[in-house]
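**Student:** If you want the building blocks of each chain, they are given just below.
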Amino acid sequence: MNYVIIGNSTAAVGTIAGIREIDSVGKITVISDEKYHTYSRPLISYWLEGKVSDKNIYYREPDFYEKNGVETILGKKATKIETEKKCVVLDDGLSVPYDKLMVATGSKPFVPPMKGLEKVNYHTFMTFDSVKAIRSEIKKGMKVLIIGAGLIGLKAAEALSVYETDITVIDLADRILPSILDVKAGIKMQSHIENHGVKFILKTSVEEFSEHSAKLQNGMTVDFDMLIVAVGVRPNTELVSDAGGKVERGIITDMTQKTSLDDIYSAGDCTVSYDSSADTNRILAILPNAYLQGETAGRNMAGRENYYLNAIPMNAIGLFGLHIISAGDYNGEEYVTETENTYKKLVFRDNKLKGYILMGDVERAGIYTGMIKEGIEIDDVNEELLKQKPQMMMFSKERREEKLGGIIR
Amino acid sequence: MKRVYVNEDWCLACHLCEYYCAAANSGAPNMIKAFKTEGKKPLPRIKVEEGNEVNFAVQCRHCEAKPCVKGCISGALSVKDGVVSVDETRCVGCYTCVLSCPYGCIVIDEEGHRIQKCDLCVKNHNGEPACVQGCPNRAIVFEER
Ligand SMILES: Cc1cc2nc3c(=O)[nH]c(=O)nc-3n(C[C@H](O)[C@H](O)[C@H](O)COP(=O)(O)OP(=O)(O)OC[C@H]3O[C@@H](n4cnc5c(N)ncnc54)[C@H](O)[C@@H]3O)c2cc1C
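Residue numbers (our numbering), protein chains in the order written: chain A, 1 to 409; chain B, 1001 to 1145.
Keep in mind that the hints are not guaranteed to be accurate.
What the hints assert, rightly or not - Computed list of lysine-lysine pairs in BS3-like fashion (alpha-carbon distance at most 25 Å, straight line):
#1 K55/A - K1080/B
#2 K403/A - K188/A
#3 K1040/B - K51/A
#4 K132/A - K119/A
As the list claims (entries may be wrong) - Quick list of simulated restraints, FRET-style, between CB atoms:
#5 G321/A - G1051/B: 30 to 38 Å
#6 T339/A - H1015/B: 20 to 28 Å
#7 G1127/B - E61/A: 23 to 31 Å
#8 F320/A - E1088/B: 33 to 41 Å
#9 T339/A - E1050/B: 48 to 56 Å
#10 G321/A - E1050/B: 26 to 34 Å
#11 M220/A - E1050/B: 52 to 60 Å
#12 G1051/B - E71/A: 50 to 58 Å
#13 E1144/B - D263/A: 37 to 45 Å
#14 D99/A - S1078/B: 47 to 55 Å
If you are wondering where the hints come from, they were derived from the structure by calculation, not from laboratory data. Note that the structure is a prediction, hence the values are computed from the model and not measured. We treat Cβ as the ideally placed atom computed from N, Cα and C, and that holds for glycine.
The shape of chain B in the complex, shown without the other chains (with noise of 0.2 Å):
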């Protein structure tokens, strides 16, 4: 299964793939429009993590164990051709995927009640995902390894 993937000897830190993860899924036409528009805050679900030596971005790698689908309390978050997606009509933000995520890659949408993660942009129509589109370095790819 192709996944993302980040070079942490590449990565800048410029937080440009936290932009672009917010705009593709925030549902408007265009980075302008998707963090220009009033209402809800596009939250990124991908998170640059910086450091003394190193910068790296972690996302959800939609891993085998699967924690938060298996402990999830309502059934919101399921599997599908491998990507963990969520049903946000169906999550009540218990958080429990939270606590379950040995990578802390479940977002918590304070305003929605709710969770957010990445699901590899299948669900928007950004085709490949956004983060790796808009990396500048090239420190995000996804392949299959």
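Just chain A, with the same shape it has in the complex (with noise of 0.2 Å):
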């Protein structure tokens, strides 16, 4: 079997595991525009920061590849799929056979038209290439702009505040990190992040750039030496498109991962996800959900049918030395618990735990969105407990048995 796939980072990562658990021997290749070994995304914050090498940046051990068996074609960009040939025809105008494929394409920066943003040298903040590029600019004492205040912009800001400069962001949303926390948590990390020096304008956009400001909409005006856009992330979609295959917001898959085209699979940031805890479709860009789609891909491709379920919403955020932990939807009937320091949702639907956002306290986190993706009732486990705190403590006898994996008797 000749595997081939296009990306080289989480879900393509995923999807080898998955191939070798079955597929000792088949040929695996990887193509990927960017030039380096697997790398951590997450991590090019940290590594801007100063606090992850060059070394430890690296998603897997340097032979990695060697081990699994997996041959690169690196710094190389995929432009076509030929489904009659069965082949990915790269940049160079080469053309690479498989018999199975995987699109692992990820996502890209999504950088809205604003007015005047051609006069200016700005960043986007995705890849290594983007933070060693800031890296080489930034200096001590610099105004920043970051347009963006979801967690790539924040993520920025930490890394730059070491470097000791003035940075400012902005979004038109009325509060911080809007898609992933509820208004109370928002607020609370927001004072957070400005007690870091960290200074926020919301509520609105830009109305034009000039090369080193922006007038924004509320008629104020932000000098800047340095703006990093960090809006949100579009999927790469136009390989599967132009060949045919169902898009919608980004590519459609069944539950083994295959895409509406034949041997042809997706994972990743790139594919709509069913999000089991709000019952809908919905793009799920975060990386634990990218390697489990790929691995189950993986295991199709190398002719192991299995589905991958129960995928839901999830982030553990940590900015300035505060951390978040959330998951699931946030529609339903709500406890709230608050002291000084912490904060903590919980949201029950139909007799059943959908969602929570953990803040300041997050030990055993997992332990709430374990009963999010398995479906537990709240009938079954003792509720006040489970309000209390994430402990095994809240399920009865039997089922702490079967968790636990056999408790003597």
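If you follow the hints, you should be able to join the two separate chains into one complex; please do so.
**Tutor:** Here's what the structure looks like:
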């Protein structure tokens, strides 16, 4: 069997693991337009901050490809999938034949049209190369303007604050991390970050840029030495749509991660997932999802049918030392407790835990994540203990026995 | 694969397993040195839950699904011979594994800004898991099931 994978990040690594569980001999070729050994995208901010070395930004050991029998074609872009001939065409004209193809192309930064932006030498915050470029230009005391108060924009702010820069973040939304947190947690996180010297200007956008300043819709003007655009990401779907595959907001797959095209699979940020906590389809651009989808796809590509189920949004965010863990859907009946340094919200619907936010005290949060994923009914647990904190004690003895692998009687 | 199992009918909630675990993984030669030496407070990777009727200790199941390893953003968590362990030099303390573990068995090392977890004492020189050795009531066993 001849496997070809487009992309060399998390979903690709998951795919390789899935294939190699079943097929130890088939040929695997990885194609990526990035020239690096597989590296961890989320670590780019830690690298910029100086917390992670050149050696540790890599997602897998240096001998990863060798150990897994993977050939790489790096620094080349796939421009076309020829489904009739079953091959991938690269930007240098080379054509790579496949029996089974994985499209793990992830996402790209979204840069909305903004007046005057062409005059600015701006950065995005997605790749090792993008943070290397920032690193080479950043200097102590610089004024940095970041457009976008989502996870990526705030991770950029955290990293750049170690350079003693003057940072301003603007966003159209009325709060930070709007797609991950509720209003209260957002406000708490915002004031925590403000205490570290970062300024926010919310509910506004840029009317017009000049080379070193931005005129905002609200009348303010912000000067900057460096501009980072981190408004959001968009899935790389063109290869599949151009080949006639089904694409909506992202690439559509079935539960085996197969696209609508024969022998072509897809996983990671470029796909649409089914969010079982909200019972809806959405893009879940998070690393664990990319790995698990890739793994499922790889097994199916190698001939073992299996399904990817129970995907939910989930995030572990640390910013300036404050940690938040959240998962699931926030529509339902709320249970909230708060202290000066912590915030907890549990959301119940249909007799189940559907979502949660833990801020400050995040210990053992995964027990809640497991409850959401497994769809365990509230009646089957001790509700008081559930609300108190995540603990195995809330389950019945029978379920605990099942979970902990048999308790001797 | 041999794993650690706990008999909740026998657990006295004495927390000795936590002390033995913390000491074994502290790098100190014995319990007294582990807890009396200045510096980092040793953390247990096993946790005793106390209830009205039952008590039990919980630690990493080295489970089949391994959501912690698969969700690890840095590649710090890996599996060798079925044992899940963390490379502390590569952990950045993002706590995605804390978010992912359905048993609540990832321990947050606040001081170190990273995580710790049970590795069945394969990385220290204890031989057998220290929690098992230290349990006075034989409520914790290490066996194949
Ligand atoms: C700063 C930052 C912080 C993040 N932090 C977290 C976090 O804490 N937790 C979390 O869960 N997630 C986080 N994420 C999201 C996480 O990085 C993604 O979910 C994950 O990388 C998705 O993996 P992927 O393999 O689907 O795609 P990607 O990582 O986007 O990789 C796709 C690869 O395919 C290549 N490619 C695309 N098109 C082509 C083509 N035509 N030809 C050849 N190669 C191509 C790309 O260059 C890229 O290398 C973060 C993201 C960023 C940017």
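**Student:** Does each hint fit the structure? Answer for all of them.
**Tutor:** Now the hints, each set against the structure:
1. K55/A - K1080/B: 21 Å, holds
2. K403/A - K188/A: 35 Å, violated
3. K1040/B - K51/A: 20 Å, holds
4. K132/A - K119/A: It holds: about 21 Å lies between the C-alpha atoms, which stays within 25 Å.
5. G321/A - G1051/B: 30 to 38 Å: 33 Å, holds
6. T339/A - H1015/B: 20 to 28 Å: 26 Å, holds
7. G1127/B - E61/A: 23 to 31 Å: Given about 27 Å between the Cβ atoms, the range holds.
8. F320/A - E1088/B: 33 to 41 Å: 22 Å, violated
9. T339/A - E1050/B: 48 to 56 Å: 22 Å, violated
10. G321/A - E1050/B: 26 to 34 Å: This hint holds: roughly 30 Å between Cβ atoms.
11. M220/A - E1050/B: 52 to 60 Å: Holds: the Cβ-Cβ distance is about 55 Å, inside 52 to 60 Å.
12. G1051/B - E71/A: 50 to 58 Å: 55 Å, holds
13. E1144/B - D263/A: 37 to 45 Å: 41 Å, holds
14. D99/A - S1078/B: 47 to 55 Å: 30 Å, violated
Hints 2, 8, 9, 14 from the list above are not met by this structure, while the remaining hints are.
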